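There are 2 protein chains.
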Amino acid sequence: MNDNDYMRRVMELAERGRGKTSPNPMVGTVIVKDGKVIGEGYHQEYGKKHAEISAIDSASESVEGATLYCNLEPCTNDIPNKKTPPCSERIIKEKITRVVIASLDPNPYINGRGIKKLQENKIRVDMGIMAEESRILNQKYFTFMRTGRPFIHLKIAQSLDGRIATSMGHSKWITNETALKKVHELRAEYDALLVGTNTVIQDNPSLTVRYVRGKNPYRIILDDQLVIPEKAVVLTDELRTKTIIFTSVAPKNPRAQQLSREGIKVIHLKSGQTKYLAIDEVMFRLGEMNISSVLVEGGGETFTSFLKANLFEKITFFISPMIIGTGIQSIGQLGISSLAQAYRLEHVKIDIIDSQAMVEGYRDYQSIIT
Amino acid sequence: MNDNDYMRRVMELAERGRGKTSPNPMVGTVIVKDGKVIGEGYHQEYGKKHAEISAIDSASESVEGATLYCNLEPCTNDIPNKKTPPCSERIIKEKITRVVIASLDPNPYINGRGIKKLQENKIRVDMGIMAEESRILNQKYFTFMRTGRPFIHLKIAQSLDGRIATSMGHSKWITNETALKKVHELRAEYDALLVGTNTVIQDNPSLTVRYVRGKNPYRIILDDQLVIPEKAVVLTDELRTKTIIFTSVAPKNPRAQQLSREGIKVIHLKSGQTKYLAIDEVMFRLGEMNISSVLVEGGGETFTSFLKANLFEKITFFISPMIIGTGIQSIGQLGISSLAQAYRLEHVKIDIIDSQAMVEGYRDYQSIIT
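Chain order of the listed sequences is A and B. The opening residue of the first sequence carries number 1 in my numbering; numbering runs sequentially from there. The opening residue of the second sequence carries number 371 in my numbering; numbering runs sequentially from there.
Because the hints were derived from the structure by calculation, they are not lab data. Hints are supplied without guarantee of correctness; some may be wrong.
As the list claims (entries may be wrong) - Stretches of chain A that chain B covers, calculated by requiring three or more beta carbons in the stretch to come under 8 Å of a beta carbon on chain B:
hint, segment
1, 156-165
2, 171-180
3, 310-322
As the list claims (entries may be wrong) - In silico DSSO-like links for lysine-lysine, alpha-carbon gap of 27 Å or less:
hint, chain 1, residue 1, chain 2, residue 2
4, B, Lys719, A, Lys172
5, B, Lys552, A, Lys349
6, A, Lys349, B, Lys719
7, A, Lys33, A, Lys48
8, B, Lys542, A, Lys349
Claimed, not checked - Reference listing, derived: stretches of chain A covered by chain B, where coverage requires no fewer than 3 residues with Cβ under 8 Å from a Cβ of chain B:
hint, segment
9, 328-338
10, 347-355
In this text the structure is predicted, and so the values were computed from the model without any measurement. The beta carbon of each residue, even a glycine, is placed where N, CA and C say it ideally should be.
Turn these sequences into a full structure, and let the hints guide you.
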């Protein structure tokens, strides 16, 4: 077992927190002494013990003189409103002598302060092992911390010829149940799902996690003119307090007031220059609400807005072996006239789900892993 | 070794003729006596020996009393202008006592007459082993024989969002060189390639087999108004006598006469009800010319015409991980308003070619294998 092996184990432990730690990162810790693992831990859930503390507390013997492996830099007490005691101080107090981390914590209140604190206390710090994997593991957290807005993932279910519905708006179901299960797995990893109001009008989706276990994300509706139907599931089901509507109608609008009384959060934005809301402003408002990741599920105009604004980290296409012909297109006008201007996805991964192709990639992979 | 094992070997042998036997089928033969293979053969090239004759001629001992395995029914002398002596008579003459075939020959001049002839001569005939594989192997031949028109395969190279070019017509290159090589492998298996005249105007393609070894197919251009540019590669290169233009302009049109003088075949059709040529008539004219398979390579209007006419057996999408937005769409108006009417490809196969997805399937798989 070498540093790499221990760090791989750290990643496995961290992974166990997937879908439960947000807006915190997934973190794992392994403590090694005399070539033997004497403690392990991971961050189980937002608000609970940090991985480092959990590993120290679980150690089978004294951690004095041990090496601590962790995917992220241990925290300090520089974060405002901190929920848990800082890990770096505990590490110092326990006389751990070496700390190995994959990468710095991108949280601007920590970023480098954690290792500085350890080094000032004569602890040897090694950094950079599995750094790429660490940033991929916590890609949502890294993006949120660095940009102040959520990690944005577009999810498009379409026919081979790029249609998300027929000309009459029929879209149920372009992809099959296995693909749907994959979508629900994805949903469970996001703080929020987002759709345009047309999608609510056409499909009346629940936007919940049903096919797998997992927490239900917030439901964000972009509804410039507040035309969402009164009976929409997202306004009437028991999760309606998790529905957030962005609109440009005035706060004193009776419909807006009615929705607020029913427990739905209505956020008023000035209208953009177009008939659409300004996506970038919506995203920063979500960031302020500590929503660190958002899965955008439709429809075509909404996908197009995000692409045009260059506001997305990742995109996943579920492509069904179906041909619809002219209908509702997944992506509209992007103003691209030469192929050199086209979006070329990076770090592409293709999976086969029954007879559907799942193609996903990043807008800018380099910015995710560095 | 049992009947199935021998038939599998037959298929392997037949496969060696791929791309060389058209409009004949690929055929393999194995001769077995006392549990030992004593002869093998396959149809190497159009006009050369049939597989059965080749196997008998190559036999290491007398074939009297042997079993002959063949994917297709042996031929009779009922075919007009037959190039080779009929296999059924040779089998009878050589006193082979059992014949095992995968399926009947769909050629209306043979279809059942071959086995009848053998049975009349007291030869035991067993049929149906690997029948599906046999029909897939010779799908082009089966379709041509049954319908009198070529097997039609649409090949579409597009972006994730279903665009084959930008709004300015830029399409070079949406897919990469590995995909291009796959396309050239496909081309080498077809008697003809077909494009609409817009594709010639936009891309000026060579429509030849370059990235792999193989014979160059005919090049069919649909050009209702005969607007193909004079300098088009397909009109000026050394293969121009393999270019066939379908048009509705009159034979006495000077441009048509000029093209004919230059060795290009110009076929005059009455204009259809729309601005397009009647695809079904084009296909039957190709059938009359003994063109048994055609790979349709573009553009969007041409693909749409074939889909609307329900005239295709197979379709292959090469999907590049690129997003173009509004541009030239791969498939246009099909008049589909409900998802129940959408084309759902059958027997879908998905391959990953670098970071591109290759998705292919059949319009009606059952009709291919039965």
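Quick rundown of the hints versus the structure:
1. 156-165: holds (count 6)
2. 171-180: holds (count 4)
3. 310-322: Coverage by chain B holds here, the residue count being 5 at a Cβ distance below 8 Å.
4. B:Lys719 x A:Lys172: holds, 23 Å
5. B:Lys552 x A:Lys349: Holds. B:Lys552 to A:Lys349 sits at ~20 Å (cutoff 27 Å).
6. A:Lys349 x B:Lys719: holds, 17 Å
7. A:Lys33 x A:Lys48: holds, 26 Å
8. B:Lys542 x A:Lys349: holds, 23 Å
9. 328-338: Result for this restraint: holds, n = 10.
10. 347-355: holds (count 4)
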